[in-house]
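Letter by letter, the chains look like this.
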Amino acid sequence: MTVRASDYPPPWSPGDAIQPPSDPVDERIEVGFLIVGAGPAGLAAAIRLGQLAEDHPETAERLGDVPVAVLEKGKAPGSHLLSGAVVNPRGLQRLFAGRKRMDELPFYGAVGAESVLFLTKRKALRIPTPPTMVNDRNYIASLSQLGRFLAEEAESAGATILPETSAEQLLVDGGRVLGVRTGDRGRGRDGEQLGNFEPGSDITARVTILAEGTQGHLTGAALDHFGLRSDNPQVWALGVKEVWKVAKPLDRVIHTMGWPLRPGRRFREFGGSFIYPMGEDMVTVGMVVGLDYTDTELSVHDLLQELKTHPRIRKILEGGERVQWGAKTIPEGGFVALPKRFHAPGLLLSGDGVGLVNVPALKGIHYAIESGRLAAEAAWKTLERGASARTALASYDEALRESFIWRDLREVRNMRQAFGRGFYVGGALAGAMTATKGKFPPGNARTERDAEHKLLSTDRAKSYPVPDGKLTFDKLSSVFASGNRTRDDQPNHIRIQTKVPRELAEMWAHMCPAQVYEVGEADGDGTVQVKLAPSNCVQCGAITAKGGRLTPPEGGSGPEYTLT
Amino acid sequence: MAKVLVFLEHHEGAIAKGSLGVLSKAATLGAEVAGVVIGSEVRGIAASAGDYGAATVWVADDGRLTAPLPQPRVDVLASLVRDEGYDTVLFAQSVLAADVAAGLAARLDAGLNWGLVDLTADGTGKSPALSDTVYVDVGWTSAVKLAIFRSGAFDATSSGGTAEVKDAPVSLEDFSTLAEMVEQAHAEQHGPSIEDADVIVAGGRGLGEPEKFALAEELAQALGGAVAATRAVVDAGWYPYSAQVGQTGKTVSPKLYVALGISGAIQHKVGMQSSNVIVAINKDPNAPIFEFADLGVVGDLHEIVPKLTELVRARRS
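Residue numbers (my numbering), protein chains in the order written: chain B, 23 to 586; chain L, 71 to 387.
Looking at chain L on its own, in the form it has when it is part of the complex (with noise of 0.2 angstroms):
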């Protein structure tokens, strides 16, 4: 039976969503899965991985792995797998972990399939090929598999399991503490970001100015949901890069992804069709949006937002 490894990332005291969905579709394959949590003061917030499926969570919990540096991280993890035998290590999707797996798959000599949507019991992942337009069936030759998984691919699941808290060794290599974080800068943001976020308000270039992003905050908030914005407004200055979506921006797949004035160009349409729900609202009946749409609203958004905004206010209140 595969041993499963889930590398799970912790931000602000908790373990980051992306993460304990992968270790909810990990406890779907039939395999003996465990986490590692690895950090400092990370304790506190390894055993509410038992509750998304992990029978083990090892902790690797070190003042040298206070900064989030890779190398550190690929000694945890590579001497788990060596010694206790993993063969398949798991990742969601994350600037670290992209660089945490690519050491690990250098260390272990291991085959990496990124950006993977999904992975079936006998070890089968499906990875979106050719700009999304299809799915391929991805393995693995080597003995140790490591795997990234596009944000949102999965839901966490609660399972109400509970996991043994483990000590993992840690003992780093000396070349992985010459790195040194000198400083770590924060995007200022308000609410989820949008490769976490449940919901998502997009603006493009039918809200008419930039002052009127406004209008998708506000949504965005009364909706406890994240703002997104297509890759024209990025271009035109009116939103920052970090919050593009489509083929050259992020790819996201929220509940409910609700587009204010986008067309719907194949560009933008890559980078959130996998959306639960897609609702546009754009005052062009032919604009393409419509046709991939769950909901569409042929109307003047500047109208329409305000009241909308007003409505799911008085409702959630």
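So here's chain B without its partners, still in its complex pose (with noise of 0.2 angstroms):
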């Protein structure tokens, strides 16, 4: 039988994420600039207002008491933002221009020297590092640290971030986006009101800017609500990592390709793995993978602990100590996948949320705080006298198609799609294509839903290694060491059928690195129970890609990330 996870759509639609208000007038909190999610765009979105607000105070004072105010599901900003990471430090100097040296900013240095390896079992080939790897005069960095500040930057630049709240709800009326309306507090497994109930409000705002990061929850309603989804459909690449304390220091930047990855064009398995140095005591190790893959038993985390094995990587970790753990999706359909347009009446999207990922060159960060901070001056455009708010909102989609990103993007549109043709194939057009600068091959390459490949099974598990939670781990320690600690008895906050056939169950047992799904018993038609723990659950996105919908549980729920 052929299964495919998109014939089990999720119950959930986009309209249950779009809703006019429900507060009574005076009862909606209003705002003026309204920011969802406190990552690299929504902070540098309010870094730039807090900037232009200090140059023009006539101007800012018609923004009420509350003129910015950043939504962050986390614990607190950082609690969820996770990534390699080695940044481009472009969109930071653009963004700090004048006002902060990037030595100020709390990076673990410049690269020095960099790697590129290709893996067998057992060998490691150094091979030449491709054009669009190239680090040099890159910084390698904490996500959640850049995060933890660029949040006291924005919140010293006036704006009040609003942590552990959800943005649960678009709010839509008369086609035009009022705000967001926040998540309840306080409810019980099955929906009911607990002892510390607390509804969420209606936040009204000119302008709502959604800087949610991959797999944005309002983001996705909106690109459907406004049609502005790309005719290309957007995919996702699933990353794992931890954060070591080491012995020895590492000397360079590594990326691997190859093993234990297999090359062969069914298993569509494109990917690798980044180890970077983070000072002299630390090292990030992490292994990203497509999620058109389409073996049931491919673990993304697994992979990683069986990286961890290779002789030469084993030799980095030696008498070290793994101190943190956690995943992320990344959008990896590029340019095609863009959407038509970034704006809509009353909204700005930014960041991950619509795509501005670079795969080749495996950065998105600068994209993100570029786009942030172009959001903020189109969204500041309605404000200044006689100005039309389509008008200001219409400029950011050409500040965008101006900008580095777009003419980045657009050179590099077609390699990853090429990668769904096997690693060697991919590895040679890729070739080609940096060479001409995108101009061969002409045209777009198509993209399909990670959902719609075909499923296949090749006992892919039986190479994991059995964790031994010194070199290697369990997914429930993991999960421990992503700081996750979400209440247990809150509704459960995925949409996935529960009943379907058993390849598909153990597909997304298998993929979730955070043990949320778990086959239950058979039906006796061929299909399975899917059980689930969703308080395990660390908001990576997976599901969303292959077959299910993440939701945002209640506020503060999730992993509390420090160092990734």
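Since the hints were made in silico from the structure, they are not lab data. As the structure is a prediction and not an experimental result, all values here were calculated from the model. Quick reminder that beta carbons are idealized off the backbone N, C-alpha and C, glycines included. Heads up, some of the hints might be wrong.
As the list claims (entries may be wrong) - One-sided and incomplete, this derived list gives chain B residues near chain L with beta-carbon spacing under 8 angstroms:
#1 R363
#2 S499
#3 F502
#4 R507
#5 T508
#6 A555
#7 S557
Assembling the complex is the task here: the two chains are given apart, and the hints tell you how they should meet.
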């Protein structure tokens, strides 16, 4: 039987996330500009708005008591931020031009030496660094730490950050976005109100900037509602990483390709690993795999564990100790999957939410920051005398198209898709694309939804190492290392069909790095029950790519990353 | 010398064991230690605190203090601190204690450290951090120091002393009497609660099915203990959330913790690792629980537990 995740769509529709305001007008919380998500895009927007307010105090006065509010679903800014990360400083340099030098930011230094390795089970072959991957003049960072820094900057620039607050619905009335409704808190498993119940609130604003990051809950709903989606569906990769305290410093940035991924075309295993030094005594190691993979037993978490058993990588971690773990999806559709427009009435869309990621360069943080900055400038234009809100917000699209983001992404627009043809063909085509700056092959290669690929099973899990609790770890202890201590008795926030073919249930169980899904009893008709442990969820978003739908749990839930 | 006041919570005519534990601890700090009992018709139980190290026991006995509401209790504690010069107020963890301590902290502009597991004579508290993987020393910068201790942090030790029982003034603020208790609901419970029990028998997924919790219940009854559960079985609806031990449930430290069919995931471990003696019965010899159990039995709990229960009963009768 052929099983595709897309044949079992989740019980969810975008309309669930789009509603008119429900609080009476005098009970709504009114802010000037509302930003959803305290990540690099949202905080860059908040910082830029603060700079503009400082430069134009009379205009700023019209914004009211709370000129800029930032909603963050995590426990604190940075709690849900995870990346490699080697950061291209371009976005930050433009954001802080004349105000801050790069050496005042919380980086682990500039990238020194770098190696790209092609791995086999026992060997590591150094290959020339592909031109897109050269990291000269880039900086190593923990995005979680950088996020905390940006949050402090945003607050001192006058923004109000509201952590532990999820944005559950986009408030739309008369075709215009008015703001968002925040999620309820203190509901029990069946939605009943517990002793500490607090209802959500309608927060309204002149302009709402969605900067929700990968798999944005409201961004996805808004793209559908306003008909902004590209003809090419967005696709994602899943990254799982660990931060280690190590005995000896690592002297270079390392990327690997090849093992433990398989090159065969039918497996569609596109990805690789990264190993970055974080100062003298820490190292981060992560594995990223495209979610278009087909094997039901593929588990990125377990591939990362397997990767660490490679002699070359084991050597780096020897005598060390794992201190943190986390997972997150990365939008990989690139240029061809970008929305048709990045604005709607009252709304601007930025960052990873709309897929501003350069896969061949393994970068997106600088695009998030630049898009947030540009969104802030467009939002500010709505305040200018005689400005029409429509023209002001439309200027965001123009600014994006003229920015370095657009040029970069256009050049590499077909590279990710080429790897759907297997590692070797993909590698050769990517070389040609780089050499011609994207002119060859002409046109746009299409993307296909991750959930649409036929599933297959090859006993892949047999090669995963048995966790030893020192070098290799199981999923549950890893969830612990993410700092996740989500309240268990809250409503399930994951939408999936729970009676599905065994292949699909097994795919979800292996896919999820946080052990949320479990294959339950067989129903006798070839299907099985899927059991859920939603409080394990680290909100990576893989389920949304692979046939389900992640919605935001109660604010403050999920991981509490500090070093990722 | 420090003057320490311990909030003595009481249920059904007896001072809670947790409060007496904190009182016993306070008595070892070389400070002048008093307890305070607040409620109505509670005079009778006050003197018993002398046996646990209180030199003085204040009694606030008033019909308006019948309901376990926090604000009137804050009024009583605040005036004792102001008039009698107490510089430290200690609480044993409970829902009421958390409310009262928070209210008192706001009223007195005092610092509150909560979830402590120890306190030294020089006024340094010990607080577990990073999901109980390390202990950090905590202190206070405020003149009055408030602390809530984790349940089971200290044993209640009888010292044979006696206390002078004094009346505490009850003068309530207007806003303190605005709240009224409409209803008080009690979860039905047999035997001690898991926070108070000296013995806990905990069941995990290895029990196989919800009905098999009867095995844990019978053993707990034979040992005079309480029944706890892991998150996995609470999630599956086998046992109520109030019995959940672990990172997202309760933290317990009984004298004996018997783990039946529990693998010992770290999320469970952090809720019970400070138990004095941990006994694990599990058929999987590789289960992580055997790494930190004091006594591990690899075998089928469905065979072992009924026999164990029988033996305990025989020995006890």
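Evaluation of the provided hints:
Hint status for R363 (chain B): violated, given a least beta-carbon distance of 42 angstroms to chain L, over 8 angstroms. Restraint check, S499 (chain B) versus chain L: the minimum CB separation of about 5 angstroms is within 8 angstroms; hint holds. Hint on F502 (chain B) holds. Least Cβ distance to chain L is approximately 5 angstroms, under the 8 angstroms limit. The beta carbon of R507 (chain B) comes within 5 angstroms of a beta carbon in chain L, closer than 8 angstroms, and the hint placing it at the interface holds.
Proximity of T508 (chain B) to chain L holds as hinted, the smallest CB-CB distance being about 7 angstroms (cut-off 8 angstroms). The beta carbon of A555 (chain B) comes within 6 angstroms of a beta carbon in chain L, closer than 8 angstroms, and the hint placing it at the interface holds. At a threshold of 8 angstroms, the smallest CB-CB gap from S557 (chain B) to chain L is about 7 angstroms, leaving the interface hint in force.
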